[in-house]
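S.K.: One letter stands for each residue in the lines below.
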Amino acid sequence: MMDVLVPILTMGLLGLFFSLGLVFAYKKLRVEEDPRVVAIADILPQANCGACGYSGCRAFAEAVVKGDAPTNGCPVGGEQVAAQVASILGEEAQALVKKVARLHCRGTKTAAKDRGEYIGVTTCRAAHLVGGQKQCSYGCLGFGDCIQACLFDAMEMGDDGLPRIDENKCTACGRCVEACPRNIIELHPVDQEIIVFCRSLDRGPLARKVCKNACIACGICVRACPEGIILENNLAKIVDYKKILPEQIPAIEKCPTKAIGRIHRASEEEQAKTNEKQAFAP
Amino acid sequence: MKKKTFPRGIHPPGGKEWTADKAIEVLPPPEKVYIPLHQHFGQPAQPLVKKGDTILRGQKIGKAPALFSADVHASVSGKVLAVDGHPHPLGKPVLAVTIANDGQDSSSDEEEIPDPFSLSPEEIIRRVKEAGIVGLGGAAFPTAVKLAPPADKPIDTIIINGCECEPFLTSDYRLMKEYPEEIISGAELIRLATNAKQIIISVEDNKEDAAELLASKIQEKHIFVEVLTTKYPQGAEKNLILALLKREVPRGGLPFDVGVVVQNVGTTKAIWEAVRFGRPLYQRVITVSGSGIPEPKNLLVRIGTPLQTVIDFCGGLKEGVNCLIMGGPMMGITQWNLEAPIIKGTSGLLAWSLPPASQVFDCIRCGRCVEHCPMGLTPTQLAKYIQFGFWDEAEAWGVLDCVECGCCQYSCPAAIPLVQWIRLGKATISALKRKTV
Amino acid sequence: MSLSSRMVIVLTAVGIISGGLLSTVGILTRARIEANRLREIEEAIITVVPGAKTNTKIYEEKDFTVYTTRNDQGQIQGFAIYTAGTGFQDKIVLMFGTDAEINKIFRLTILDQKETPGLGAKITDKEAFLKYWENKDCSHPLMLKKPPVAQEELGASEVNAITGATISSEAVLATVNASLAKLRSLIQAGTIQIEENNGQ
Amino acid sequence: MASKPLSQEFTKGLWGENPIFRQLLGMCPTLAVTNAVINGIAMSLATSFVLIFSSLVVASIKKLIPSQVRIASYIVVIASFVTMADRFLAAFFPPISKNLGPYIPLIVVNCIILGRQEAFSSKNSVGRSLIDAFGMSLGFTLALLVLSSIREILGAGTWLGHQVLGSWFEPWIIMILPPGAFLTLGILLGIIILIDQKLQRSK
Amino acid sequence: MELLAIFISAILINNFVLHYFLGICPFLGVSKKIDSAVSMGLAVTFVMTITAIVSWIINHWILIPFNLEYLQIVSFILIIASLVQLVEMFIRKSSPPLYQALGIYLPLITTNCAIMGLALLAALKNYNFVETVIFGVGSGVGFTLAIVLMAGIREQLDLADVPEPLKGAGIALIVAGIMALGFFGFSGMIK
Amino acid sequence: MAETTFIIKSSPHLRHPDSVPKIMLSVIISLLPAVAASVYFFRWRAVVLYLACLAGAILTEAVFLAARKKPLSTLLDGSAVITGLLLAMTLPPSLRLDQAVIGAVVAIALGKQVFGGLGHNIFNPALVGRAFLQTAFPVAMTTWIPPVTKIINTATYATPLGNLKFQNAVAQHTLTPLKDLFWGNTGGCLGETSALALLIGALYLVARKTIDWKIPAGIILSLSVFTGIFWLARPDKYASPLFHLLSGGLIIGAFFMATDMVTSPITPRGTIIYALGIGFLVGLIRLFGGYPEGVMYSILLMNTVVPLLNRSTRPRLLGERRAKK
Ligand SMILES: Cc1cc2nc3c(=O)[nH]c(=O)nc-3n(C[C@H](O)[C@H](O)[C@H](O)COP(=O)(O)O)c2cc1C
Ligand SMILES: Cc1cc2nc3c(=O)[nH]c(=O)nc-3n(C[C@H](O)[C@H](O)[C@H](O)COP(=O)(O)O)c2cc1C
Ligand SMILES: Cc1cc2nc3c(=O)[nH]c(=O)nc-3n(C[C@H](O)[C@H](O)[C@H](O)COP(=O)(O)O)c2cc1C
Ligand SMILES: Cc1cc2nc3c(=O)[nH]c(=O)nc-3n(C[C@H](O)[C@H](O)[C@H](O)CO)c2cc1C
Ligand code: SF4
Ligand code: SF4
Ligand code: SF4
Ligand code: SF4
Ligand code: FES
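These protein sequences, in sequence, are chains A, B, C, D, E and F. With the numbering used here, letter number 254 in the first sequence gets 254, and the count goes up by one each step, no holes. Position in the second sequence (first residue = 1) + 282 = the numbering used here. Position in the third sequence (first residue = 1) + 719 = the numbering used here. Position in the fourth sequence (first residue = 1) + 919 = the numbering used here. Position in the fifth sequence (first residue = 1) + 1122 = the numbering used here. Position in the sixth sequence (first residue = 1) + 1313 = the numbering used here.
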């Protein structure tokens, strides 16, 4: 009998002791965690990219619950996540226009001359430190720091030496914008069709000399659409893309160096084609 | 007695024999000069002239907008052709004044002062500032700022830096040989301006004759000539102060934190000329050398002279030259555009043909970079931290203390561009800091 | 019911149930495990003292246990000594048998060891090691023969080392020699008295 | 937790969420007992027994347990089954019990088991939990089998005690020693990730 | 001498991680940074020492006298779990900075087989009280040594060109293997 | 604008003439005297072992480089050749060829390439290979033959250190004469026996500044002090420091293996601790451990500590406060 009773007693006592300890712990040392934080953190994409301005998805969730961050603060998640987050907090989703990254340079391998043979660290930032290997001091260096920075595989280096951005994959996280030492990537609303593909502040002749596609500040585009486009520091600048009317676009596209023009957006067919190609790529 | 020096450092080949005995020649002022308004540490100067103006040599054409900046003066007399972007040796085009030389060389120098040693410190500094003098030793730091340290940092020692530790360069050496009195007088002016007690003129032992010449001209008891071991970077001010005075400039600090002002011999001579003759800084001595130059020379050139003119004067570039460096081989900047002008900070122009780039290996952790870094850094670790984006670690390991002397990369058997990585790190870290502040 | 009391009750209940279950398991297996353990000792004693029928534990301390063994006639045959020493990696636990005069080692067996497999672990191998220990004269301390020689060439109190595992071989040898010395001194001191324990 | 088809609940333990190769759980027994296939098998059987029965019990009593004493109760449940396994081996297979030494009792802290209770059984039905437990057990067994086979064959030239490599083969003793365990598992992990990458890419 | 042997052996020869394969999960998981490895090592050493004491008491005062050795597993694990919790609460109350440094590792320790292994091995080896304590401290130091060395190496490997599939656990295991090879040098040192 | 295109790069624009391949080549050259000595003492066995190890090492390196799509030109840097050579030099002359090849493959694969190749490894690759072999084939790795120059009439033969450890050589007065150790007329691993040949090569490396002389000096110092203390106390039991310095793998280890740049610290202070640590461990293992020789283990163990040493012995920056730690 003892053989059975003693172990039962021992175990019972152990259990009792242990549970009392836990009760004590539960009573004394409870850490409240807001269930909403957990719920929101679950919804977020968990890319932890920091585009929201917080140190990670979880930090963002905490900030949203506290009211420090807007519900649509996660550009990666887009509208869908914003809506879900808002519904947890009981708010209406704030409207969010999808943005994408755009490259403001057309200094392709053939258009923009090299200064000379570059020897050294093959990143844009490093090359930029020694002035870059391109004669143009403003254009794309083509080592693809932006591509490295993109967590979403939305960029690739084109054959022309300029990075290409896949509109569909881009989440507007802005990492490429940060990465580029020449500040030639910017986020624009996806429906903005007209882009200035140059950032050179050099005066026309100098700019022209180093890159065939540079903006030479001739003012043709400004004349075509004075409300939407201005010249500033030898460079055309779009002040408000909504003021560019469709019928003005042909005139804008008369730009002699094509430094301003319509963004080439892949049509759905083309998109399908590239997808297919990718599928068969080794 | 054992000659003083600092720990670590390297012994690169000298290359000084090419030009050491070439007396300073005057390069005739070119037909056009391009004077950038930004040639110094700090903010660019603001233009005071416009296209079409007629100006005199020495006339102020750019005005310093802030304390950390310097005035810019015309180096020839003539007509302003443009105030416009022009290629700059540092890479990006900057605003420059293009002047067509009228050949008159009519000057607008300020009045001469027969006895400059009687001037008040304030007046000396004012004249230095008016002359647009910046450090000619490389950093192009506005000299007037350096001469007026904060009141709580008394200066006791002036070091005149005649080390010229960069290989190939001999312009400082020629200055010491040809203008010893001017340098000594300039040093005395600096001492008066800063109220210091003693002056040390430091010269490396590969220029012993210059040191002897200087010593023979000194009458005052508070001026010494100190001959140091030839070692790169003997001329870097923190190492120089350590070698001469056994004082360590604290991390992130400046020489005045340990009561010292360091000035290059060229700067010292320029100070003398500015204070004594009211002559602004519109010319300087440079060394043109290297195996790609048919006639290596030491030249007195006007600021704004295009590189092409300088090279042509020395016989043009030889066949096969593929590397053109402004400055010395250790810290100089590669040039690609011969339209770029000589600026105040240009100490030399070197040309040679480099063999095809040597293969870069992964770091083999030989530790030679650590062994030679004069600042006590661990360059290989810094470079790796930077390569992998560990900015905090890189900063904790002292990346911001690097003076970019290049000793590490010189000694690296794996040919790793360490200095470029470190520069990248310094740039990124300062950018991040600016963002978080 | 409050949460706290539920916590206490549930955990206590879980404990009690598990205690009950385990006690059953414990009781069911206890006899067998104990038997396993005893059988191991028993078998070892029979191995090291051939023909042993019964044995008696007459002395026990840490890592040193002495049994006397008797044959089927009830005569004392000698001692079985259970002992342990440090080998190459860890403890080597072994047992050996001697005659009553402690002049001769009958046999040796290794009960537990963690020596290197294929090397030191060969001490458990009869051909490589144990057979050299049969019927050795132990009136003097035993000696290790290195490099090993044929069995016939071994001296009366010499055993072969294992090539490549001298340390393990040494360890066994040292343990045996030390145990013998200890046994003798215990007998001399009268702590172990064979006759008086006869009666059992 | 989104419910998967039952078959997937089972197969995920084999490859996608293999407890050893993917989740890196329960590394200690994995490394310690795989010096011989027989030990590996015994270990995986014992572990599977504990895992399956604990999952069963936990899944059935999960509603009764307040979440504050969840872990503690699971531990008691697991420990009880481990004790049973341990006593059973000691009673009926003493040599194996001796070989495995303290590693059978250590099943109690095997992260796989507690992990599965926490992550799965406490949230799923009894049936689903059982399937999950079976899958995980099989994944664990498979991993131990692979590892112990490599180690025994190279380290002793045998498999389950049978000579498989000819007498020309001189065993690599290192394989049955601790360094061999670490090295083999390390390389194996690399290979598995490599294969997985290839699979992903070809998808 | 005996005690010194147990101590040295626990650290260098029969190292918990490299020889017994105990505590591999934290060894792999918390060895990415030296700082956290040191904290983890200290936390483990601390808990090991206490566990050694308490488990010896339980074993020798309750389980053995009442013939309840088969309850070792259950009771040890419960003891460890509650101990860890108690220690955690205690540290949190008494020294918040220490809690910041160590506290977060404590829950991890509960399911760490090094602790449980210690209790079981000490029972298996039949150590007396003092020996058990020395064994506990030594094993903790051994664990700390291994995990800190590993963390140092892994910090360096962060900056190395390790092949993609081996990154993380794979290379860590290989390093552990070579470390174990190196530690063989100490074999046979304790006679 | 001139037509010539110029190079764009960051300063400095000068380089010391030493490069990785040159360093490696100098090490290979410095090993040649010892290689020649081993061929003299062990004849064809030495030759085939060298060939086997070199082939194993170079082929493995090539396979990995190809698999990782790295330029095969790095094969020519010579580091794999050194690893193969040094591995062969630390093997017993009687080792089977297939085992030697396994060692070479392991050395390069597990010792070097899994970490990322040249420069990334933590442990000395040749010694990883040797440690692997020692543990995989302990008997083969501790079976020795005498050099052909030594006539011996017993079937087995012990190395000087084995003799010391297991045959109580000091007390028995059978210690190998120092003269034999110096010339190499004794048993042991291929390349370790002739102190003279090794020292010639080592001198070249020191003179050329390929290796940091402080490492061998530190090892020799701490081993001498350690063994010297015991020798002075009990000359009838312990061998002299000189014997310890000349026997076993100490010279080859101290001058050629501990000095491997990749696996030794990069900081000056770290280097000194590393060297002293190796010497101490060698003494500890030789005098009190289970093995007669501890050079390999000591170097591997200190390799383990190198990352921590590098971190804790960072040089003091110019201008950094001394007091602050
Ligand atoms: C690596 C390095 C080397 C230097 N070498 C010299 C030199 O040889 N001569 C020199 O005058 N200044 C040299 N400098 C600049 C000095 O540190 C210091 O800035 C200068 O002497 C100050 O004088 P300044 O303001 O008149 O130019 C060097 C700086 C660095 C970082
Ligand atoms: C991995 C490894 C394991 C070893 N294991 C043992 C062992 O278990 N027992 C032993 O005596 N020697 C072992 N040794 C060998 C010893 O270090 C030592 O070399 C040997 O005892 C010398 O014996 P010998 O003189 O007969 O060659 C081992 C060596 C290695 C490399
Ligand atoms: C660099 C080097 C390191 C060595 N390290 C070891 C070692 O750590 N352990 C070892 O047993 N033998 C090592 N050896 C081999 C021994 O130096 C030598 O062969 C020794 O005397 C072998 O003795 P044993 O037969 O008694 O093991 C090494 C050889 C070299 C060349
Ligand atoms: C002085 C010196 C010593 C070397 N010693 C070794 C050595 O002991 N083992 C080895 O595998 N490689 C050695 N190497 C070659 C090379 O450094 C080695 O393969 C790297 O560790 C591989 O990354 C040595 C190289 C040098 C320059
Ligand atoms: S392309 Fe740029 S903005 Fe778009 S996802 Fe990539 S990094 Fe982010
Ligand atoms: S866009 Fe910027 S970051 Fe991207 S390749 Fe061009 S220069 Fe580099
Ligand atoms: S790290 Fe900076 S200071 Fe040090 S040697 Fe390199 S360039 Fe010079
Ligand atoms: S000198 Fe070059 S190879 Fe040597 S440690 Fe420094 S970076 Fe690495
Ligand atoms: S299985 Fe041992 S710590 Fe996880």
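In short, the hints are calculated from the structure, not lab data. Treat the hints with care, since some could be wrong.
[Unchecked claim] Cut-off 30 angstroms, straight-line C-alpha distance, at most; resulting in silico cross-link-like pairs (DSBU-like, lysine-lysine):
(1) K209/A <-> K499/B
(2) K1017/D <-> K833/C
(3) K285/B <-> K342/B
(4) K1463/F <-> K1117/D
(5) K833/C <-> K1247/E
[Stated by the list, open to error] To give a feel for the contact side, a few chain A residues facing chain B, derived at Cβ under 7 angstroms:
(6) V65
(7) R125
(8) G131
[Unchecked claim] Calculated Cβ distances over 12 angstroms to all of chain E for the following chain F residues:
(9) Y1353
(10) S1407
(11) V1418
(12) G1424
(13) I1435
(14) L1440
(15) R1443
(16) A1444
(17) F1543
(18) D1549
(19) Y1551
(20) L1621
Heads up, the beta-carbon is just placed ideally off N, CA and C, and yes, glycines get one too.
S.K.: Evaluate each hint against the coordinates.
M.R.: Hints, verified against the model:
1. K209/A <-> K499/B: violated (54 angstroms)
2. K1017/D <-> K833/C: holds (12 angstroms)
3. K285/B <-> K342/B: violated (44 angstroms)
4. K1463/F <-> K1117/D: With a Cα-Cα distance of about 58 angstroms, the restraint between K1463/F and K1117/D is violated, given a limit of 30 angstroms.
5. K833/C <-> K1247/E: holds (13 angstroms)
6. V65: With a closest approach of 24 angstroms, the V65/A hint is violated.
7. R125: Holds - the Cβ of R125/A comes within 7 angstroms of chain B, reaching about 6 angstroms at its closest.
8. G131: holds (3 angstroms)
9. Y1353: holds (31 angstroms)
10. S1407: holds (22 angstroms)
11. V1418: The claim stands: V1418/F keeps its Cβ more than 12 angstroms from every Cβ of chain E (closest is about 15 angstroms).
12. G1424: violated (8 angstroms)
13. I1435: Not fine: 5 angstroms to the nearest Cβ puts I1435/F too close to chain E.
14. L1440: violated (9 angstroms)
15. R1443: violated (10 angstroms)
16. A1444: violated (4 angstroms)
17. F1543: holds (15 angstroms)
18. D1549: holds (20 angstroms)
19. Y1551: holds (16 angstroms)
20. L1621: violated (4 angstroms)
Of the hints listed earlier, those the structure fails to meet are numbers 1, 3, 4, 6, 12, 13, 14, 15, 16 and 20, in rising order.
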